[in-house]
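Fit chain X to the given chain H structure using the hints.
Read top to bottom, the protein sequences are chains H and X. Last residue of the first sequence: number 409 in the working numbering, and the count goes up by one each step with no gaps. Last residue of the second sequence: number 409 in the working numbering, and the count goes up by one each step with no gaps.
In case anyone wonders, no lab produced these hints; they're calculated from the structure. A few of these clues could be false.
Taking CB as the label site, the calculated pair distances span [unchecked claim]:
#1 X:S237 with H:Q315: 49 to 59 angstroms
#2 X:S237 with H:D32: 52 to 62 angstroms
#3 H:P191 with X:K67: 51 to 61 angstroms
#4 X:D53 with H:Q315: 33 to 43 angstroms
#5 H:D52 with X:A56: 18 to 28 angstroms
#6 H:K28 with X:E325: 37 to 47 angstroms
#7 H:Q35 with X:A56: 27 to 37 angstroms
#8 H:D53 with X:E227: 39 to 49 angstroms
#9 H:D53 with X:Q59: 15 to 25 angstroms
#10 X:R154 with H:E221: 41 to 51 angstroms
#11 H:D52 with X:E227: 45 to 55 angstroms
Below, a list of computed lysine to any residue pairs in the SDA-like style, where the Cα atoms sit at most 20 angstroms apart [said to hold, decoys possible]:
#12 X:K91 with H:L70
#13 X:K91 with H:A64
#14 H:K245 with H:V172
#15 H:K67 with X:G93
#16 H:K57 with X:L54
#17 H:K67 with X:P95
Covered stretches of chain X (in silico footprint by chain H; criterion: 3 or more residues with CB under 8 angstroms from a CB of chain H, positions within the stretch not fixed) [what the hints assert, rightly or not]:
#18 53-61
#19 73-84
#20 92-104
All figures in this text were calculated on a predicted structure; none of them were measured in a lab. A virtual CB, placed ideally from N, CA and C, is assigned to each residue, including glycine.
2 protein chains.
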Amino acid sequence: MALIVQKFGGSSVADANRIFNVAKIVTDTYQAGNEVVVVLSAQGDTTDDLIAKSQEINPAASKRELDMLLSTGEQISIALVAMAIEKMGFPVISLTGWQVGMTTNSTYSSARIRKIDGSRVRKELDKKRIVLVAGFQGINQLGDITTLGRGGSDTTAVALAIGLGADVCQIYTDVDGVYTADPRKEPGAQKLKEITYDEMLELASLGAQVLHNRSVEMGKRYEVPIEVLSSFSRKPGTVVKEVANIEGLHISGVAQDSNIVQVTLQALDKGPNAFSNLLSLMAKHKLVADMVSLWESSPGESNVAFTIPQQALDLCLELLEHNQEQLGYRSLQVNDGFSKVSVVGAGMAENPEVGAQMFQALYQAHIQTHQVVSSEIKISVLVNKEDGDRAVHVIHERFLGLSFL
Amino acid sequence: MALIVQKFGGSSVADANRIFNVAKIVTDTYQAGNEVVVVLSAQGDTTDDLIAKSQEINPAASKRELDMLLSTGEQISIALVAMAIEKMGFPVISLTGWQVGMTTNSTYSSARIRKIDGSRVRKELDKKRIVLVAGFQGINQLGDITTLGRGGSDTTAVALAIGLGADVCQIYTDVDGVYTADPRKEPGAQKLKEITYDEMLELASLGAQVLHNRSVEMGKRYEVPIEVLSSFSRKPGTVVKEVANIEGLHISGVAQDSNIVQVTLQALDKGPNAFSNLLSLMAKHKLVADMVSLWESSPGESNVAFTIPQQALDLCLELLEHNQEQLGYRSLQVNDGFSKVSVVGAGMAENPEVGAQMFQALYQAHIQTHQVVSSEIKISVLVNKEDGDRAVHVIHERFLGLSFL
Numbered sequence: 005m006a007l008i009v010q011k012f013g014g015s016s017v018a019d020a021n022r023i024f025n026v027a028k029i030v031t032d033t034y035q036a037g038n039e040v041v042v043v044l045s046a047q048g049d050t051t052d053d054l055i056a057k058s059q060e061i062n063p064a065a066s067k068r069e070l071d072m073l074l075s076t077g078e079q080i081s082i083a084l085v086a087m088a089i090e091k092m093g094f095p096v097i098s099l100t101g102w103q104v105g106m107t108t109n110s111t112y113s114s115a116r117i118r119k120i121d122g123s124r125v126r127k128e129l130d131k132k133r134i135v136l137v138a139g140f141q142g143i144n145q146l147g148d149i150t151t152l153g154r155g156g157s158d159t160t161a162v163a164l165a166i167g168l169g170a171d172v173c174q175i176y177t178d179v180d181g182v183y184t185a186d187p188r189k190e191p192g193a194q195k196l197k198e199i200t201y202d203e204m205l206e207l208a209s210l211g212a213q214v215l216h217n218r219s220v221e222m223g224k225r226y227e228v229p230i231e232v233l234s235s236f237s238r239k240p241g242t243v244v245k246e247v248a249n250i251e252g253l254h255i256s257g258v259a260q261d262s263n264i265v266q267v268t269l270q271a272l273d274k275g276p277n278a279f280s281n282l283l284s285l286m287a288k289h290k291l292v293a294d295m296v297s298l299w300e301s302s303p304g305e306s307n308v309a310f311t312i313p314q315q316a317l318d319l320c321l322e323l324l325e326h327n328q329e330q331l332g333y334r335s336l337q338v339n340d341g342f343s344k345v346s347v348v349g350a351g352m353a354e355n356p357e358v359g360a361q362m363f364q365a366l367y368q369a370h371i372q373t374h375q376v377v378s379s380e381i382k383i384s385v386l387v388n389k390e391d392g393d394r395a396v397h398v399i400h401e402r403f404l405g406l407s408f409l
Numbered sequence: 005m006a007l008i009v010q011k012f013g014g015s016s017v018a019d020a021n022r023i024f025n026v027a028k029i030v031t032d033t034y035q036a037g038n039e040v041v042v043v044l045s046a047q048g049d050t051t052d053d054l055i056a057k058s059q060e061i062n063p064a065a066s067k068r069e070l071d072m073l074l075s076t077g078e079q080i081s082i083a084l085v086a087m088a089i090e091k092m093g094f095p096v097i098s099l100t101g102w103q104v105g106m107t108t109n110s111t112y113s114s115a116r117i118r119k120i121d122g123s124r125v126r127k128e129l130d131k132k133r134i135v136l137v138a139g140f141q142g143i144n145q146l147g148d149i150t151t152l153g154r155g156g157s158d159t160t161a162v163a164l165a166i167g168l169g170a171d172v173c174q175i176y177t178d179v180d181g182v183y184t185a186d187p188r189k190e191p192g193a194q195k196l197k198e199i200t201y202d203e204m205l206e207l208a209s210l211g212a213q214v215l216h217n218r219s220v221e222m223g224k225r226y227e228v229p230i231e232v233l234s235s236f237s238r239k240p241g242t243v244v245k246e247v248a249n250i251e252g253l254h255i256s257g258v259a260q261d262s263n264i265v266q267v268t269l270q271a272l273d274k275g276p277n278a279f280s281n282l283l284s285l286m287a288k289h290k291l292v293a294d295m296v297s298l299w300e301s302s303p304g305e306s307n308v309a310f311t312i313p314q315q316a317l318d319l320c321l322e323l324l325e326h327n328q329e330q331l332g333y334r335s336l337q338v339n340d341g342f343s344k345v346s347v348v349g350a351g352m353a354e355n356p357e358v359g360a361q362m363f364q365a366l367y368q369a370h371i372q373t374h375q376v377v378s379s380e381i382k383i384s385v386l387v388n389k390e391d392g393d394r395a396v397h398v399i400h401e402r403f404l405g406l407s408f409l
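Extracted from the complex, chain H is given alone in its bound form (with noise of 0.2 angstroms):
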């Protein structure tokens, strides 16, 4: 017997048809011999209705008065999956945010979580029950409801399995796990078994949106396994965990993102300094540069590129030229015209051979590298945009054919 606990995203629960098939879901688990503890988001497009509606009233609306408002949303879910479940023939109780003792911070609509008095859930475990929880949501040290921000009900579902020492977290999604490439495009995607947090946590700044971040980076502190599946496919799906099984695999992922700029400060006259002012200068105004490289232009000046997302360019240039002679560069250049290909993988620190067959790749395929970042577990390039779809296909036929993938 396992605890495990199953976190079904908007789309699992959007209608009466979905609901029970997460019901029949989360029941099989049930009559496996497992406790089981189900996290659930708001159905389909409820939260963006209710945001609609607060936008029409008031779209400066407090940030407390809108947790107030969305965190409905979750309800309504647990308590139409519990009457699904009751209508199969099962123990269950569906319990909100504040009645699982869900305690955060008071930074409404992005709320962290602090503890979780799991005393609750225990004891409907206890009673035999399935017990359902509304995720995204928690409750504050005045007493009042809060949310947790995007990505919220998997955070929940992690938070809830760390604070029950459950064995597994599931996290159901519309894929059925975490691939090599895009499957959408890459037809030689093959799906992972296994993974650990880190390189999850890098596919995920790829723009590989599986997981989010924080429900990784929690299971990765409190060793928790995070399973991502299909709540369609009924496959089982790719396990995160500390130590993956690789078995000679050296490289977990290629992902790609096109939805960045490359910004070159030239000449920056000030030395290291100016580069420590400028990265502190943009953390001060949340903007996170990828692909961070300084070199040498000339004795004495330096030269400075990295990446942005798109729709943060405009603070960051304002930022820029505003600073301009405190970084004491001479001049700015923007190229939008790159997409990142990365490949991700724990094993390749120890293999050289891997960043050495990716170049080649790119290199008989005729595909020129702007600029290349490696750490520890992963490598980037920029490549035109147009080479973007062909550059992760050469890289990801050359893994797919070596012996050590």
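Relative to chain H, chain X alone:
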């Protein structure tokens, strides 16, 4: 400065326009220097929509989960109205049933209020905030959400008014007060300035559904004045209080209920004991008989007649037929051709003229009366259904035309 509790029903908050109308009434009351606590129902058809969703999934869903589901409706209302009041620039906070400590028993879907811990509301009022409270809902000793059943938001409002020691509880509805007769049918109907709790209870039981009995009973027991008024007209309404300033007015209203059937049991041969058996049998099955009359038809034999709501007839007949031997009656007769017309007035007991005038009016209009029952503050007669409206009219005319009205 007064402490005022205001309650708005679902139609008053059905859309953004109406929500701002409510916000205007509330903030006007606040600006006049009052402390304001506002109880809200679910928007328009929200509750019906949620019930439809649950019916689709499980028509036999547990009441506990139904309460979990339905309580979201009022939570949506309080958040949206709070946003409207924020937009108008006033300090405001919304609170759910559990946040205001509305403790009930565990009879899900028709819970009874046990006690109110008003400390959170008091704290928010002391911060000069307008406090919005979700009606219809509470929390039981298990920490689970309950709902109060029909008319629950009125009950919430009166209970809060009692718990907070409010000066008045204003119930905003789609009518602007209590009338001497149904104003849609009787052009001469007059709005009452004041009415006693007992009169209000009699009128409510006669189909003049302005306030729910539970809230009137609570108001009476704890002597909280309840004002019934319209959220559209913004005119003073009718105040329900212990001693109404009737200024010579002996009747407070004429009402009609056509949704009844008369049941007659002939020749109960077991004397008064059979009668009490009958009443306790009906009470056990929550059948409320009205206009109960018992008369001796021949020595040692009695007849009993009473009215019950139309929809209770099947259950009633089943009970009576199943217990014919125990009750000891010979035959049973059902008549669904009658309407119940009643005159209510606290001043009636000391003024026999009321009854006399009533029967004279009916006689002169050639309206036959089939049964009559009178109490301290009410006289009810059964007339043929087709005479119902006319009966209300001639009685109403008569009293309006008399000097003592």
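Against the structure, the hints:
1. At about 50 angstroms, the CB distance of S237 (chain X) to Q315 (chain H) agrees with the hint of 49 to 59 angstroms.
2. Between S237 (chain X) and D32 (chain H) the beta carbons are some 58 angstroms apart, a value that agrees with the proposed interval 52 to 62 angstroms.
3. A C-beta distance of roughly 52 angstroms is found between P191 (chain H) and K67 (chain X), which places it inside the suggested range of 51 to 61 angstroms.
4. The hinted window of 33 to 43 angstroms between D53 (chain X) and Q315 (chain H) holds, with their beta carbons roughly 36 angstroms apart.
5. For D52 (chain H) and A56 (chain X), the Cβ-Cβ distance of about 21 angstroms falls inside the hinted range of 18 to 28 angstroms, so the restraint holds.
6. At roughly 46 angstroms, the beta-carbon separation of K28 (chain H) and E325 (chain X) lies within the given 37 to 47 angstroms, and the hint holds.
7. Taking the beta carbon of each, Q35 (chain H) and A56 (chain X) are about 30 angstroms apart, inside 27 to 37 angstroms as hinted.
8. Between D53 (chain H) and E227 (chain X) the CB atoms are about 44 angstroms apart, so this pair conforms to the stated range of 39 to 49 angstroms.
9. The hinted range of 15 to 25 angstroms is satisfied by D53 (chain H) and Q59 (chain X), whose Cβ atoms lie roughly 20 angstroms apart.
10. Between R154 (chain X) and E221 (chain H), the C-beta spacing of about 49 angstroms keeps the proposed range 41 to 51 angstroms intact.
11. Range check, D52 (chain H) to E227 (chain X): Cβ separation about 48 angstroms, and the 45 to 55 angstroms hint holds.
12. Restraint check for K91 (chain X) and L70 (chain H): the C-alpha separation of about 13 angstroms stays at or below 20 angstroms, so the hint holds.
13. As the CA atoms of K91 (chain X) and A64 (chain H) are separated by approximately 8 angstroms, the hinted pair is consistent with the 20 angstroms bound.
14. Taken as a hint, the K245 (chain H) and V172 (chain H) pair is honoured in the structure, with Cα atoms around 10 angstroms apart against an allowance of 20 angstroms.
15. Note on K67 (chain H) and G93 (chain X): the hinted pairing holds, with a Cα-Cα distance of about 15 angstroms set against a maximum of 20 angstroms.
16. A distance of roughly 17 angstroms separates the Cα atoms of K57 (chain H) and L54 (chain X); the hinted pair therefore holds under the 20 angstroms criterion.
17. Between K67 (chain H) and P95 (chain X) the alpha-carbon distance is near 14 angstroms, which keeps this suggested pair within the 20 angstroms criterion.
18. Counting residues of the segment 53-61 of chain X whose CB lies closer than 8 angstroms to any CB of chain H gives 5, so the stated coverage by that chain holds, three being the minimum.
19. Here's how the segment 73-84 of chain X fares: 8 of its residues keep a CB closer than 8 angstroms to some CB of chain H, so the rule of at least three is met and the hint holds.
20. Counting residues of the segment 92-104 of chain X whose beta-carbon sits less than 8 angstroms from any beta-carbon of chain H gives 5, enough to reach three: the coverage restraint holds.
Going down the numbered hints, you'll see the structure goes against none, and every one checks out.
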